[in-house]
Amino acid sequence: MIASSPAGTAVEAESELYRRFAPRVRLFGLKHLRDETAANDLTQQALLVAIERLRANDVREPDQIGSFILGTSRMLAQAQRRTERRRAELRAEYAHLTASTVDPVETLVDSAHIENCLRHLGERERTVLMLTFYAESPAVEISDALAMSPGAVRVARHRALARMRDCLELRHG
Amino acid sequence: MVDEHLSPADVTEYWTPDTPADEVGRVEAHVFACADCAQQLGAARALIDGVRDVMRRGRFQAIVTDAVLNRLARDGVRMRTFTVEPGTVVPCAVWADDQLIVTRLRADFRGLEHVSVVMEIGGQEVDRITDVPVGPDARELIEVFSAARIREVPQIDVRLRVFGSRGHAGDEIVADYLLEHGGTIRRSADGG
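Chains as they are written, first to last, in the numbering used here: chain A, 1 to 173; chain B, 1 to 192.
Since the hints were derived computationally from the structure, they do not count as laboratory data. One or more hints might be untrue.
Keeping only pairs whose Cα atoms sit at most 25 Å apart, straight-line, the calculated SDA-like set for lysine to any residue is [said to hold, decoys possible]: (1) A:Lys31 - A:Glu141; (2) A:Lys31 - B:Arg186; (3) A:Lys31 - A:Ser67; (4) A:Lys31 - B:Asp49; (5) A:Lys31 - A:Ala152; (6) A:Lys31 - B:Glu4; (7) A:Lys31 - B:Val90; (8) A:Lys31 - A:Ala147; (9) A:Lys31 - B:Arg128; (10) A:Lys31 - B:Asp137; (11) A:Lys31 - A:Glu16; (12) A:Lys31 - B:Val68; (13) A:Lys31 - B:Ser146; (14) A:Lys31 - B:Arg187; (15) A:Lys31 - A:Asp41; (16) A:Lys31 - A:Arg82; (17) A:Lys31 - B:Asp22; (18) A:Lys31 - B:Arg26; (19) A:Lys31 - B:Glu140; (20) A:Lys31 - A:Arg163; (21) A:Lys31 - A:Arg81; (22) A:Lys31 - B:Glu23; (23) A:Lys31 - B:Pro17; (24) A:Lys31 - B:Ser7; (25) A:Lys31 - A:Leu170; (26) A:Lys31 - B:Gly42; (27) A:Lys31 - B:Asp75; (28) A:Lys31 - A:Arg74; (29) A:Lys31 - A:Arg20; (30) A:Lys31 - B:Pro136; (31) A:Lys31 - B:Arg159; (32) A:Lys31 - A:Ala79; (33) A:Lys31 - B:Gln40; (34) A:Lys31 - B:Leu69; (35) A:Lys31 - B:Gln39.
Nothing here was measured: the structure is a model prediction, and the numbers come from that model.
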């Protein structure tokens with residue numbers, strides 16, 4: 001649709017593409033750039049590049065646009081880590097695709113509920129959860145600190161996250 | 001092509017620092033072709049961000065390690081620390097702008113199993129933490145309290161006791177600490 005339309009005439013299709021893939025690029029950015037602002041920048045850049053390439057008929061397999069966007073995200077993340085340079089001119093040109101047109105991946109989970117659900121975890125699971133996802137300690141480090149095997153650490157962190165999810169779902173009805 | 005959906009373990013492991021690059025790549029390739037799994041990955045991340053947010057705001061109580069305290073310090077969380085030895089009486093207080101109270105409970109915890117920490121206020125048990133994880137060479141347990149919660153406690157003695165067992169012996173008191181809680185201290189307008 002975007003590829004077969006004259007430039008600027010497929011606004012709806014472009015917005016839909018952005019809506020579908022922006023959350024995924026943002027998650028990719030959070031994983032690899034470890035910074036909210038950098039992840040948001042990456043999201044805009046990757047999607048703008050993808051749309052620009054689609055408009056120019058430069059994407060060989062438009063059906064595989066997800067792979068193309070992932071590849072673009074990888075390339076841009078590497079570049080971003082090296083330079084932090086911005087692509088302000090692209091953002092200005094595609095102003096109709098600003099963040100206000102994109103649904104966030106997830107709204108932030110209510111912190112009062114999280115606080116309460118954290119309280120209901122077993123102590124070992126809570127400690128492992130905090131070490132893994134807050135202190136970002138690898139399983140081997142945690143296993144040394146808490147006299148658990150790395151396998152037991154993996155089980156504990158998976159169980160802790162699952163229990164948190166179940167607890168929150170229960171509270172949301 | 002969308003292969004089999006990601007498992008809950010795949011989703012959890014993706015957000016840990018342990019996942020090898022090829023596994024990260026596999027998950028990402030799938031997520032960019034599968035909206036359902038992208039949703040799952042996003043939901044897990046939102047939950048993790050929520051936990052981080054609660055921790056940065058000091059709204060939790062837990063047994064932690066220095067790795068967690070170091071991260072809290074980097075995030076600018078205001079912590080007040082009390083180090084206590086068994087059998088000693090330690091005066092303590094909470095300031096109006098504290099976010100977390102850190103108690104470093106010193107004792108020989110090496111080889112200890114089935115560890116519990118019990119808190120008594122005014123002679124009444126108010127909190128009991130069981131299955132406390134203890135390192136093989138532990139000579140310290142670090143318990144963190146929400147300062148907001150401590151501010152609700154009046155001037156009163158707070159007793160912390162650690163129970164555990166070694167080998168086949170039954171549970172016993174390993175260490176007993178007494179904190180003389182002086183209440184909440186508010187800074188005067190001139191900062192004094």
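Taking the hints in turn, this is what the structure says about them:
no., hint, verdict
1, A:Lys31 - A:Glu141, "holds (20 Å)"
2, A:Lys31 - B:Arg186, "violated (41 Å)"
3, A:Lys31 - A:Ser67, "holds (17 Å)"
4, A:Lys31 - B:Asp49, "holds (12 Å)"
5, A:Lys31 - A:Ala152, "holds (24 Å)"
6, A:Lys31 - B:Glu4, "holds (22 Å)"
7, A:Lys31 - B:Val90, "violated (44 Å)"
8, A:Lys31 - A:Ala147, "violated (28 Å)"
9, A:Lys31 - B:Arg128, "violated (36 Å)"
10, A:Lys31 - B:Asp137, "violated (33 Å)"
11, A:Lys31 - A:Glu16, "holds (24 Å)"
12, A:Lys31 - B:Val68, "holds (20 Å)"
13, A:Lys31 - B:Ser146, "violated (29 Å)"
14, A:Lys31 - B:Arg187, "violated (41 Å)"
15, A:Lys31 - A:Asp41, "holds (14 Å)"
16, A:Lys31 - A:Arg82, "holds (16 Å)"
17, A:Lys31 - B:Asp22, "holds (14 Å)"
18, A:Lys31 - B:Arg26, "holds (14 Å)"
19, A:Lys31 - B:Glu140, "violated (33 Å)"
20, A:Lys31 - A:Arg163, "holds (23 Å)"
21, A:Lys31 - A:Arg81, "holds (13 Å)"
22, A:Lys31 - B:Glu23, "holds (13 Å)"
23, A:Lys31 - B:Pro17, "holds (9 Å)"
24, A:Lys31 - B:Ser7, "holds (18 Å)"
25, A:Lys31 - A:Leu170, "violated (28 Å)"
26, A:Lys31 - B:Gly42, "holds (11 Å)"
27, A:Lys31 - B:Asp75, "holds (19 Å)"
28, A:Lys31 - A:Arg74, "holds (11 Å)"
29, A:Lys31 - A:Arg20, "holds (19 Å)"
30, A:Lys31 - B:Pro136, "violated (32 Å)"
31, A:Lys31 - B:Arg159, "violated (43 Å)"
32, A:Lys31 - A:Ala79, "holds (15 Å)"
33, A:Lys31 - B:Gln40, "holds (15 Å)"
34, A:Lys31 - B:Leu69, "holds (22 Å)"
35, A:Lys31 - B:Gln39, "holds (15 Å)"
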